[in-house]
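Residue numbers (our numbering), protein chains in the order written: chain A, -7 to 313; chain B, 36 to 703.
No wet-lab data here; the hints were simulated from the structure.
Check the hints yourself; a few may be wrong.
Stated by the list, open to error - Label pairs and their calculated CB-CB ranges:
id : chain 1 : residue 1 : chain 2 : residue 2 : range
1  : B       : W556      : A       : F242      : 49 to 59 Å
2  : A       : Q248      : B       : P549      : 46 to 56 Å
3  : B       : T242      : A       : F242      : 35 to 45 Å
Said to hold, decoys possible - Partial chain A-side listing against chain B, Cβ under 8 Å, derived:
id : residue
4  : V55
5  : V98
6  : L112
7  : S127
8  : A148
Using N, Cα and C, we set each Cβ at its ideal position, and we do this for glycine too.
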Amino acid sequence: MDYLLTFLPWLLAAVQALLYLALAPLLAGWLRRIKARLQNRRGPSLWQPYRDLYKLFGKEARVATTASPLFRAAPYIVFVATWLAAATVPLIAVDLPTAMVADIIVLAGLLALARFFLALAGMDIGTAFGGMGASREMLVSALAEPAMLMAVFTLAMTAHSTNLASMIDAQLAAGLVLRPSFLFALGALVLVAIAETGRIPVDNPATHLELTMIHEAMILEYSGRHLALMEWAAQIKLVLYGALIANVFFPWGIAQSTAPTALATGALVILLKLLALAVALAISETVLAKMRFFRAPALLNLALLLALLGLLGHVILEVGS
Amino acid sequence: MDQALSFALLAVGLALASSLVSCFAARFPCLLRLVALPVFALAGLAALVAGVVALWDGGTATMTLPLGLPWLPWQLHLDALAGFFLAIIGIVGAAAGIFAPAYVRGIERSSESLPMLGGFTGLFLSGMLLVVLAGDAFLFMVAWELMSLSSYFLVAFHHEHAANRRAAFLYLLMAHIGGLSILLGYGVLASFGGGFAFTAMRAAELTPGWASVAFALAFVGFGMKAGLVPLHAWLPEAHPVAPSHISALMSGVMLKVAVYGFIRFVFDLTGEIQWQWGVAVLAIGSLSALMGVLYALMQHDLKRLLAYSSVENLGIIFIGLGLSLLYLGTGHRLLGALALVAALYHSLNHALFKGLLFLGAGAILHSAHERDLEHMGGLLRRMPWTGLLFLIGCLSIAALPPFNGFVSEWLTFQASLQAWQLDSGVLRALIPIVAATLALTGALAALCFVKVYGIAFLGQARTRHVRRARPVPSSMRAGQAVLAVGCVLLGVLPTAVVALLSVIPEQILGHGLPQATAHGWLWLTPVAPETGSYSAPLVVALLAAMAVAAAWLWRRGVVRRVRRGDPWDCGFAMPSSRMQYTATAFAQPVRRVFGLLFRIDESVETDNKGVLRHRLAVHDRAWTLLYLPIARLVDAGVRRIVRLQSGNVRIYLGWTLATLLVLLWIIS
């Protein structure tokens, strides 16, 4: 029985990690569908992203003659690092062992690791598009990463912990309290999420041949299973940011025990939260136009400023009282 | 502990022996490669052993040498702090000793100054070892000057270029101003302590005002050697022009000796720590970290870029030290110990990855004869081993898990996140701003090293001689591999390292990190497990498990073949190597976003044939804001004084007499 008790959380963590894999294409499909509806189109089926991935996995991978071994290794590294980063974010239940293994700083580090290899892969073939995408992606993330860290540090300081599970627990224990610092942090994290997942107005995920593309420019040379891994990793990253925002700022409903009913509620609630966030994202993507690249730093500076204001507001106003 | 001291003395002896043997290299050139450099590597190994034993043992050992002045014999003192820095010197020294023979072989025929290279390299190493081992200020300063002067000759090694001579002179000048400042700082301590021995200084009771004066002098002196902004301008001039293994020693190790001096002086000798010092160190550290990485991004000379990146990393180390001073000054000893350990960890990490990267740059220079990133490209396929090891260095320096740079950055973040424990609202607000700077620095460092690796090792060769690059000899690869293995081990097993390091704050601050390693070797929990934990071995294990799972899933029933073809590139023409992004283009967005911080000269000119030429030069603002005004001031002052120089001996004698009288009058 003890044996089972130590392994049950790990088992749950594994299930949750697999759930990220399974859920990621669904969210992408839902997002596309809502966007299509908002633009008066019927849009593809919800299951289309699954079919796309299946199709790509079945295809032969074509690799440029000028590619180095790094080009073929990169999709696996990007995918695994993104997946592990996602696995540390509580999805349906808190207090999982994966949150102990890697805290929020490690999560940012794993995402940075994935991005590092993504950018290197973009530069490997030696095409102009690849270098351009890599340069832009790295700049956007260089400005977004501090904003993200500052936003989560606000919560970490409140919870006195950088552990995501402890942060969520502290939030649940505090109840529904309106903290100004959290509002700032939430605003910052939303902006960062938009920039990091390559959504409008920073990047356009629907483009394949445009001088302003960022993420697509880096993966232009990929095909077959390599492309599938890259696409899937991008979808996981979207779910990751969604779960982070949903569960850290609005954790209510998440399972705090391993009872089946709690887990079922947790699963249902997070699904609803993610779908609602996707609707909000679809609306903002329909309303906004893509920015010129050199306007994006202004947006990210705003995010950093918001995050810093949140953190300063917290340490000055909320700690003392 | 006495064993450790004897190993350390052995290391000094071997370094001096290597220097002595090199003197005969003019007659027998192969002596340097076959005897002197292996002995040098052995000296590094002995220093490493001494350092690890000293850390493991945790005691102190002292010894009086029969050298020095009659009333002031030189004392050696080895404790955990000194042992740690001995280990840093040792491991990079050993790697440089393994790397160097292949380099020397390349210049053996052509160069006539082999004795100079070998001799001063040995003296340089023994100088650094003696600085760390010194138990009194006198030996410290002698060893410090030995280190500075011998490295001056190494910077000036390729003295046939005027730019190198200028860089060496600048280095000498700055080293002496810094040395003077340190000397004055020790003077303050010695006058209160009544002696030059560190034990006397430690026992002294300083008034707060004089303690701050001593701190300021030490900060300027050691900060100048460590290349902190705005005193850094000599560093990117001097470090790149030395031979690459010397650059590795200078950037990887000599800067750490300055960090050692600062810690010894401020944390150990000065006594009562004031939190205001922490604020000053934090401000300068953050400025150095940010400006260092931004200027590194603007470089396209690989070694110069690495030198600027050293400014950044020393900034990160001083952020850790500043946090530690701040916490200690406000009475939070546990947090002070944590921040100090973070700074020490980063010192070790920086020594390893910067040594590795400089050796990598040396390998490129050796086989492709190229330092300029704009001419490189595709080197990963030409030199796969160097490419792989250099990638490990880039991942480490970009602070990516599970490599070592990440661990020290994680520890620094953990220390800064404890700011809520401080009482003062202003200080609580200051630390998050520093943390934001650190986060920005880390992200920009990743950008910088994507640029380095992507431009140099990926893509296609941009010039013919780079296309013909050959793998370097195995000894060069071995030198890099030693450091790369260190980077990986320090990244994957941080708990063991932190357990060793926590002896240092226990010894000099009286407070260790009891919680950090209390939960087994898997878990690193600096304050408490609830506050934050990181398990690098499990991260690696999970990454591996997920990779295996993924590979297993996709290798079933899927087409496994890979077909080679032309690049797609959106259907444009087959890309040529000239169509690739360049290093300058890669950094252009940064130049634009952070434009105010640089002095940029950019112009488009048309020559008489109607050909457009784009010129771009990014200058360091420290020159125009600090160095040139001071130089002009000195120049103007000297012009006044020069009037005394009449050429008449009698007038000179008169001046001497007058000076003597004035001095006598002051003393009496």
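Hint by hint, here is what the structure shows:
Take B:W556 and A:F242: their Cβ atoms lie about 37 Å apart, and the range 49 to 59 Å is violated. Taking 46 to 56 Å as the suggested C-beta distance range, the pair A:Q248 and B:P549 does not conform, at roughly 31 Å. The beta-carbon spacing between B:T242 and A:F242, approximately 56 Å, falls outside the hinted interval of 35 to 45 Å. A distance limit of 8 Å between C-beta atoms decides the matter here; for A:V55 the minimum to chain B is near 5 Å, and the interface restraint holds.
Hint status for A:V98: holds, given a least beta-carbon distance of 6 Å to chain B, under 8 Å. The beta carbon of A:L112 comes within 6 Å of a beta carbon in chain B, closer than 8 Å, and the hint placing it at the interface holds. Using the Cβ-Cβ criterion of 8 Å, the hint placing A:S127 at the interface with chain B is satisfied: the shortest such distance is roughly 5 Å. Taking 8 Å as the C-beta contact cut-off toward chain B, the hint placing A:A148 at the interface holds, the least distance being around 6 Å.
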